[in-house]
Amino acid sequence: MSLHPEVIRLLIFLVGIIAFAALNAAYLVWLERKEAGHIQRRIGPKEVGPFGLLQPLADGIKLMTKQLIVPAGVDPILFKIAPILVMVPAIMSFVTIPYGENLVARNIDIGLLMIFAFASVNVLGLLLGAWGSRNKYAVISAARVVSQNVAYEIPMLITVVTLVMITGTMNLHEIVMQQQGGFWNWNILNLAASPLMPVAFLIFFVCMLAETNRAPFDMAEAESELIAGAFTEYPGMGFGVFFMGEYANIVIGASVATILFLGGWQCPFGLFPGVHWFLLKMYFLIFTVIWIRWTYPRTTFYSLLNLSWKILIPISFFNLILTSAMIKVF
Amino acid sequence: MKLNAIKQALAVIAPEALAEAEHAKKGALLDVTVSATQVVEAVSVLDKEGFFIEAITGVDWLGEKENAHKDAVAAAKKKAQDAGKAAAKKVADAGGDEEAQKAAQKEAEAGVAIPAAPVEPFSEEMEVVYDFNNFAEFCRVVLRTRVPRSNPEVPTISHIYPGANWHERETHDFFGIKFVGHPYLAPLLLPEDADFHPLKKDFHV
Amino acid sequence: MSAFAQTQTNETFVLNLGPQHPATHGVLRVKLVMDGEYIVDAEPVLGYIHRMHEKMGENRTWAQFMPNTGRMDYLHALAYNHGYVSVVERAAGIEVPERAEYLRVITTELNRISSHLLWFGAFVLDLGGFSPLLYAFDDREQILDLLESVTGSRLTYCYFRFGGVYNDIDENFAAGARAFIKRLRERMPMYHALVTKNIILMKRLQEIGPISEEMCRKYGATGPVARGSGINFDVRKHEPYSIYPELRFDVPVYTEGDSMARYMVRMDEIEQSMRIVEQALDKLPEGPVMAAKAPKIIKPAKGDYYHAVETARGSFGVRVVSDGSNTPYRLKLRSPTFSNLSLFGEACRGMLLPDALALMGSLDLVIPEIDR
Amino acid sequence: MIDYLKEIISGTWSLFVGLGITIKYFFQPVVTVQYPRQTLPMTPRFRGHIELVRDEETGGTKCVVCGMCQKACPSGCITVEGEKKEGGKGKVLSEYTLDFTKCSLCGLCVESCNFGAITFSKDYNLAGLRKEAYVFDLKKRLEEKK
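Protein chains in written order, with the numbering used here: chain A, 1 to 330; chain B, 331 to 535; chain C, 536 to 907; chain D, 908 to 1053.
Simulated from the structure, these hints should not be mistaken for laboratory data. Treat the numbers as computed from the prediction; the structure is a model and nothing was measured. Glycine included, C-beta positions come from ideal geometry on N, C-alpha and C. Treat each hint with caution, since some may be false.
As a list, the in silico DSSO-like pairs of lysine-lysine whose alpha-carbon atoms are at most 30 Å apart [to be verified]:
#: 1; chain 1: B; residue 1: K355; chain 2: C; residue 2: K834
#: 2; chain 1: B; residue 1: K355; chain 2: C; residue 2: K566
#: 3; chain 1: B; residue 1: K508; chain 2: B; residue 2: K531
#: 4; chain 1: B; residue 1: K415; chain 2: B; residue 2: K436
#: 5; chain 1: D; residue 1: K931; chain 2: A; residue 2: K46
#: 6; chain 1: B; residue 1: K436; chain 2: B; residue 2: K420
#: 7; chain 1: B; residue 1: K508; chain 2: B; residue 2: K378
#: 8; chain 1: C; residue 1: K566; chain 2: B; residue 2: K508
#: 9; chain 1: C; residue 1: K831; chain 2: D; residue 2: K931
#: 10; chain 1: B; residue 1: K355; chain 2: B; residue 2: K337
#: 11; chain 1: A; residue 1: K310; chain 2: D; residue 2: K1046
#: 12; chain 1: B; residue 1: K395; chain 2: B; residue 2: K407
#: 13; chain 1: C; residue 1: K831; chain 2: B; residue 2: K508
#: 14; chain 1: B; residue 1: K332; chain 2: B; residue 2: K356
#: 15; chain 1: C; residue 1: K837; chain 2: B; residue 2: K400
#: 16; chain 1: A; residue 1: K136; chain 2: C; residue 2: K738
#: 17; chain 1: C; residue 1: K834; chain 2: B; residue 2: K400
#: 18; chain 1: D; residue 1: K969; chain 2: D; residue 2: K913
#: 19; chain 1: B; residue 1: K400; chain 2: C; residue 2: K590
#: 20; chain 1: C; residue 1: K738; chain 2: B; residue 2: K408
#: 21; chain 1: C; residue 1: K831; chain 2: D; residue 2: K998
What follows is a set of in silico ranges between Cβ atoms, one per label pair, in the way DEER data are often shown [what the hints assert, rightly or not]:
#: 22; chain 1: C; residue 1: Y609; chain 2: D; residue 2: V1042; range: 24 to 30 Å
#: 23; chain 1: C; residue 1: G765; chain 2: A; residue 2: T288; range: 40 to 46 Å
#: 24; chain 1: C; residue 1: D570; chain 2: A; residue 2: F287; range: 40 to 46 Å
#: 25; chain 1: C; residue 1: R720; chain 2: D; residue 2: K1047; range: 48 to 54 Å
#: 26; chain 1: D; residue 1: I916; chain 2: C; residue 2: E742; range: 18 to 24 Å
#: 27; chain 1: B; residue 1: Y514; chain 2: C; residue 2: R689; range: 38 to 44 Å
#: 28; chain 1: D; residue 1: G997; chain 2: B; residue 2: A354; range: 56 to 62 Å
Only some residues are given here: those of chain C computed to face chain A with a beta carbon under 7 Å [what the hints assert, rightly or not]:
#: 29; residue: L550
#: 30; residue: G663
#: 31; residue: G664
#: 32; residue: L690
#: 33; residue: I734
#: 34; residue: M737
#: 35; residue: K738
Model the full assembly from the supplied sequences, consistent with the hints where possible.
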């Protein structure tokens, strides 16, 4: 029996994606701790391995060997299914992300749409996990997550629609190819299409933070208010999978921002494009996400909604109208 | 001057119980003793004058009167002794013999009255102390009231000063003093089921 | 059974905030009746770290109670030391040499700065910002090093004695304190740029948790809580003790009454305390640090005595009743946070949970001091 | 409208200022001490648990078993016992026990001593698994230190 080469290719990519996602989750924790340490003028992890590089391994072993407690009174099905519901869509989103010219598992014409569709499922996982764990803090957190995500999908999607209007495609590969040449061709500096593109990037970035529940929008976890929010009752690897899902979502968010605004794998000067440029930009964005987390206090729930409805949505709408007008005129 | 205003106002309630204190020695400016029934009235006056509540606490004076009696007896005995000795010396100086000295001593000693033991047992008391102060001008007023130890009851002032709520609960915890009319006189600092009052002098660990 | 049993309906639920909760700083428990994320009613439940210091005092000699005072408010231990030694000195009529008073004020004010710095960090941590906490700790460590070089310990100092202080400062202390003040002066703009002016923090604190002047009076709130509500009340000015009348400093007062006002009061107080330390170092007289006539065994005359001091959290008063023996007959410790927290139940009604936590943080709670 | 835009711009600016501060610290050297690997010198006045002082003349202790420290201790963690000196006045120390589990490190005992017989140790690594390990026999400790 011989397998179709496409199937083999897909299998290889699937293994690669899962490995990439898991490795990223593990080493982003390391990066987060190390970066937080240095921002706070400490060293961060340093005992396990050189520079603490084996720390994620030790953490992983610790999490896996912990007993999986299902507390009394929880909904056992929802409680167990929720971490998977967070992890799986995150992995699925990786499928269409082009890391290099040929480094993409499946080049789909509506790749952008698919990523946003899967990103919304992430909320469902948190909601079910929080509801299923039957903890008052978790339920408050669930309510926060849902309305937060609903509020932030809107400006994010409006911004993306603006971008699709400019590029005329939803194929991520093509979006990157259009930004060839140099950093002046990237969408973030595509001032001919709309003078507000840098602002649009900022809006997208803020929405991405909110979507992935990162500080300063980490109201769902909010350790000083809700203990650990939706994860309060989760022990061991249940928590671990949630955690990996969160970090996978950050990687996806940063990747999408890189593709849409920062020219994907293109070199800023038009030389030697390739996956290294993609990773460089993506990790820079992730670095910024972590950097932001260790700088700001948390916002409150209503000021977050205020920000979304009073500032981000009007500006992104204005940008949409401006862009469509510019496209019509020129 | 807050002090004068409050003195005039409080003098209506408790005319003879006002005592001005020296701040450098006592830490307060005015020391007022009222009866338990006058507490609410006095506190209302303080409230009207814009005072804030600093603290409420109690003092258990268990054995105070007994000790005072003992002290008085000891003092009288000492006085009698001294008087006797003096009388004896006088007689000796005058050239009287030993018997005359003794007789004079006895006579003089009998002349000093020694307080008699009371027929009834001493009435034991507890004291509730309220501290008030003023934001605008320094004026600490100490309000005291004495209640019988067997049935310590004081009307609450938590409807005038909501802050007194916790102070009264704490005082109830420690001394078992009941604040009549208090909305929720449950243990505050002690465990929920505590039935002891640790600051009573007959409570021993 | 609880104080607000009658307010419960089917629409609300009870949330137990604490005794183990990251925002309650220790072992405070607050029973919240919540309607969604809105607080319908709140009742702080105390006593989880109650140690009955007042009874301990009745079973110890006057001097033996000294270590206890530093263990009530472990963040501003020296002010509690100060309050206790002052009342006993008042009762026993002990004169304190001038140099000792200066040393008391210098160390107490340094301790106040360290207390405010820790509050600042912990408060921002309550609001979700982590890094300012460690920056504040970095500065606080310098103070702890200074105080350790004088007192020998880093937290529960027990440095004052009836009639003076335990030992004199060493030759490096004055220079070290000046260097520290210079360093902190340079760091304060950083704190303001990073935290105070941050739009997120401003949105979280401005107009959140208003406490009116009248409410402060009714609940007996003192310290930065009262000063944030427009009440110019500072025991150091109001009822001057020690050498404070000889020093020039301002009492920061903000009239807004919100959490931001209380925050600003404390930040300004750090600067004022630096001023006080500098002046006191300049004026520091030579001489003994212990009264020559201070008796070894204290037996104050019969009577009761009160003394209040301004701690980082408000007016701390000690009332002692002496029966003339070598142990206190009664020792009442009036802790400021006890009164400050008592208004929380009323103030947080109708607030959202995160705002109520911002309010709670701005009250600057130290639970061992409330529970005593 | 102008206020609205002004607030957005000043707010965003305050956020960038914050980022600038944290990144500056990111590149500055760390200030922490890696404790078990590095240690700091203890200050000379450090108040650790107490220790008996050696009398340089006799090689024994300076303690005359007056019991002042025992009386001064608020927590009652000091027990001093002595026996009659052979052929002389006064007592010699036979046992000096410090129950460190009760000690609050206040230092009142050292202050109460009129003979300079006790002092603070600089020992701060005080952690253990057994409670009994913290009932110190100070006389034995002094002899072992030789």
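Do the hints match the structure? See the list:
no.	hint	in the structure
1	B:K355 - C:K834	holds (15 Å)
2	B:K355 - C:K566	violated (43 Å)
3	B:K508 - B:K531	holds (17 Å)
4	B:K415 - B:K436	holds (9 Å)
5	D:K931 - A:K46	holds (22 Å)
6	B:K436 - B:K420	holds (13 Å)
7	B:K508 - B:K378	holds (25 Å)
8	C:K566 - B:K508	holds (25 Å)
9	C:K831 - D:K931	violated (55 Å)
10	B:K355 - B:K337	holds (20 Å)
11	A:K310 - D:K1046	violated (75 Å)
12	B:K395 - B:K407	holds (18 Å)
13	C:K831 - B:K508	violated (40 Å)
14	B:K332 - B:K356	holds (18 Å)
15	C:K837 - B:K400	holds (16 Å)
16	A:K136 - C:K738	holds (26 Å)
17	C:K834 - B:K400	holds (21 Å)
18	D:K969 - D:K913	violated (76 Å)
19	B:K400 - C:K590	holds (26 Å)
20	C:K738 - B:K408	violated (76 Å)
21	C:K831 - D:K998	holds (24 Å)
22	C:Y609 - D:V1042: 24 to 30 Å	holds (26 Å)
23	C:G765 - A:T288: 40 to 46 Å	holds (42 Å)
24	C:D570 - A:F287: 40 to 46 Å	holds (41 Å)
25	C:R720 - D:K1047: 48 to 54 Å	holds (52 Å)
26	D:I916 - C:E742: 18 to 24 Å	holds (22 Å)
27	B:Y514 - C:R689: 38 to 44 Å	holds (40 Å)
28	D:G997 - B:A354: 56 to 62 Å	violated (46 Å)
29	L550	holds (5 Å)
30	G663	holds (3 Å)
31	G664	holds (4 Å)
32	L690	violated (21 Å)
33	I734	violated (9 Å)
34	M737	violated (10 Å)
35	K738	holds (5 Å)
Of the numbered hints given earlier, the model fails hints 2, 9, 11, 13, 18, 20, 28, 32, 33 and 34; all others are met.
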